[in-house]
Structures are given as structure tokens and as C-alpha cells.
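S.K.: The chain contents come next:
Number of protein chains: 2
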Amino acid sequence: MPIELTASQALGLWHGAALDQVRHDDRDLTLRQMAILLHIYLVPPPHTVRGLAATLDVTKPVITRALDTMGEMGLVDRVRDDADRRNVIIKRTVGGALYLEKLGDLIRDQARRLPI
Amino acid sequence: MPIELTASQALGLWHGAALDQVRHDDRDLTLRQMAILLHIYLVPPPHTVRGLAATLDVTKPVITRALDTMGEMGLVDRVRDDADRRNVIIKRTVGGALYLEKLGDLIRDQARRLPI
DNA sequence: GGAAAATGGAACGCTAGCGTAACGATCTTC
DNA sequence: GAAGATCGTTACGCTAGCGTTCCATTTTCC
Chain A
53 MPIELTASQA
63 LGLWHGAALD
73 QVRHDDRDLT
83 LRQMAILLHI
93 YLVPPPHTVR
103 GLAATLDVTK
113 PVITRALDTM
123 GEMGLVDRVR
133 DDADRRNVII
143 KRTVGGALYL
153 EKLGDLIRDQ
163 ARRLPI
Chain B
53 MPIELTASQA
63 LGLWHGAALD
73 QVRHDDRDLT
83 LRQMAILLHI
93 YLVPPPHTVR
103 GLAATLDVTK
113 PVITRALDTM
123 GEMGLVDRVR
133 DDADRRNVII
143 KRTVGGALYL
153 EKLGDLIRDQ
163 ARRLPI
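Residue numbers (this note's numbering), protein chains in the order written: chain A, 53 to 168; chain B, 53 to 168.
Please note that a few of the clues may not be correct.
What the hints assert, rightly or not - Taking lysine-lysine and the DSS-like style, the derived pairs with C-alpha atoms no more than 30 Å apart in a straight line are:
1) K143/A x K154/A
2) K143/A x K112/A
3) K143/B x K112/B
4) K112/A x K154/B
5) K154/A x K112/A
6) K112/B x K154/A
7) K154/B x K143/B
8) K154/B x K112/B
9) K154/A x K154/B
If you are wondering where the hints come from, they were derived from the structure by calculation, not from laboratory data.
Please take these sequences and the hints and turn them into a complete structure.
M.R.: Take a look at the structure:
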């Protein structure tokens, strides 16, 4: 039996988690960057620029820029693919894992706090 | 009994919802803007620039700019407070309500889809 | 009534994001 | 091995975001 949320619970969850995240973390990721980051960590590798662009339905430079920024933040890493040196493989980092671990905790806390 | 999510479910929910939202809506709100928008719609009014800035722990211009942008997008509206004409009261709009209704649906869909 | 406080916004210089178009490097194909 | 396709990135001109500082308006407090 799947998890059923009311509309109010769904938005309340999003609201609480977004609020907590804003309050406790300076890094103000856009929704796109967030989607990219989560995709890298939740979907089995390998991940490429091209693949991510297709998945999110955005252009390639959007991915390149997001990786630049999040790389600077220590959330992701890039490595050339030795099998096909045109490709870049996007790697996870300890920093990224920590970031998402905290985000996950925060969402779980909010879910626990939801009125039934 | 509160809603209990595993870490994987929490991030999976966020991932799926963020991805869907990115794919189907051009408006790429930052997490801050999202938090502001949800706060306006989920917490009883009145909402002021000052109050929102304190709530999110950001500076006033951040709120002003977010309201500029989201006002342009038709998600919120501003009205001078007649009782105290220094204040600006932030108003909800039909566009904003629709936006959040869609976001809520999308989160609920993702919740339903989560592996138990 | 006049000084002080409070509110939202504008100005400034800067960084980061955007889409489009082009690029060098690398693989594929014939 | 030359021609074409594919990959990620860079360049360009632009918009939107940032923090800090300052400002006009309005209210409060003696």
C-alpha cells in the first residue's frame, strides 16, 4: 500500500523542508541543480552531460554550468571517460553525500511532523 | 501515528518531484523563492517583507527581489497596507494558487509511486 | 511638533544563470 | 585516412541574483 498524502500534507512537507534548508544552508541551489544532484546520487551510474541534459530536458550548457557550480561547492566531481575520451563521467563526492544525507533527514523530520 | 519515511524514500520523493517540476515548467525558482512562495500560501496572512526576511533568515532585498520576480510571473501580488503605510502586504494570486496546486499534485504522485 | 525608529525599495558593483551558436577533441564510418 | 558525427565546453550578450549601503516615507515617542 503506497504512501498517500493529502494536498495540504504534500505542500506542507515541501514548505517545511525548503524552509529548514534555506535557514541552515547558504547554498541556494536552483530546482534544476537540485534535480541534477539528486539524479546523480539516486540513479545508478554512469552519468554524462548529454544524458543528464536529455533526462531533465534542458540544454547541455545548463548541465555544464550546474556541474561547475556544484563542483566548486564540493558536491560533485568530473572525470574523463577513458573508454571514450569525448565523454565526461560525473562522480559522487563525500561532500555531496553529506549534503543529501542532511536533506533527507530534514525531509523525514518534516514528514514526521505532518498533521495526520 | 505520524508519516514515517526512510532516508531513501525521502530523497526519492524529492528527486521525483524536482525532476517532474523541472521537466514541465520553465520557471526555475530557487529554493529561497520556493520557500517564500509556500510560506505566503500556507501560513495565515498578513505577510510583510520584514516578516518574511526574518522567517527565512535572509536580508530584506532578497525578499524584495523575489517578490519582483514572482510578481512578474504572476505568482504573488503586493499591496500597500492602509493601516500602516510603511508596510507592504503580500497577496496571493490565482496564478500562484494554480502553481502550488500543480506542485502538490506532483508531490502526491511521487509519494504514491514510492517503493514501500 | 520634532527627533528617533521602522519599513520597503533603489543603487552599486559583482557573480551566476540563461539560450544560442560556435569550438576543439575524439570517435565512427566508409 | 578523410569526412562526418558526437561529446563537453567556451564565447557572447543578456537577465536575475547577491550583500551592502543608503534613502524616502511613515509612524512612534517624548
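S.K.: Give a verdict on every hint.
M.R.: Hint-by-hint comparison with the structure:
1. K143/A x K154/A: holds (19 Å)
2. K143/A x K112/A: holds (17 Å)
3. K143/B x K112/B: holds (17 Å)
4. K112/A x K154/B: holds (27 Å)
5. K154/A x K112/A: holds (29 Å)
6. K112/B x K154/A: Between K112/B and K154/A the Cα gap is close to 27 Å, so the pair holds against 30 Å.
7. K154/B x K143/B: holds (19 Å)
8. K154/B x K112/B: Within the cut-off at roughly 29 Å; holds.
9. K154/A x K154/B: holds (27 Å)
Violated hints: none; the structure is consistent with every hint.
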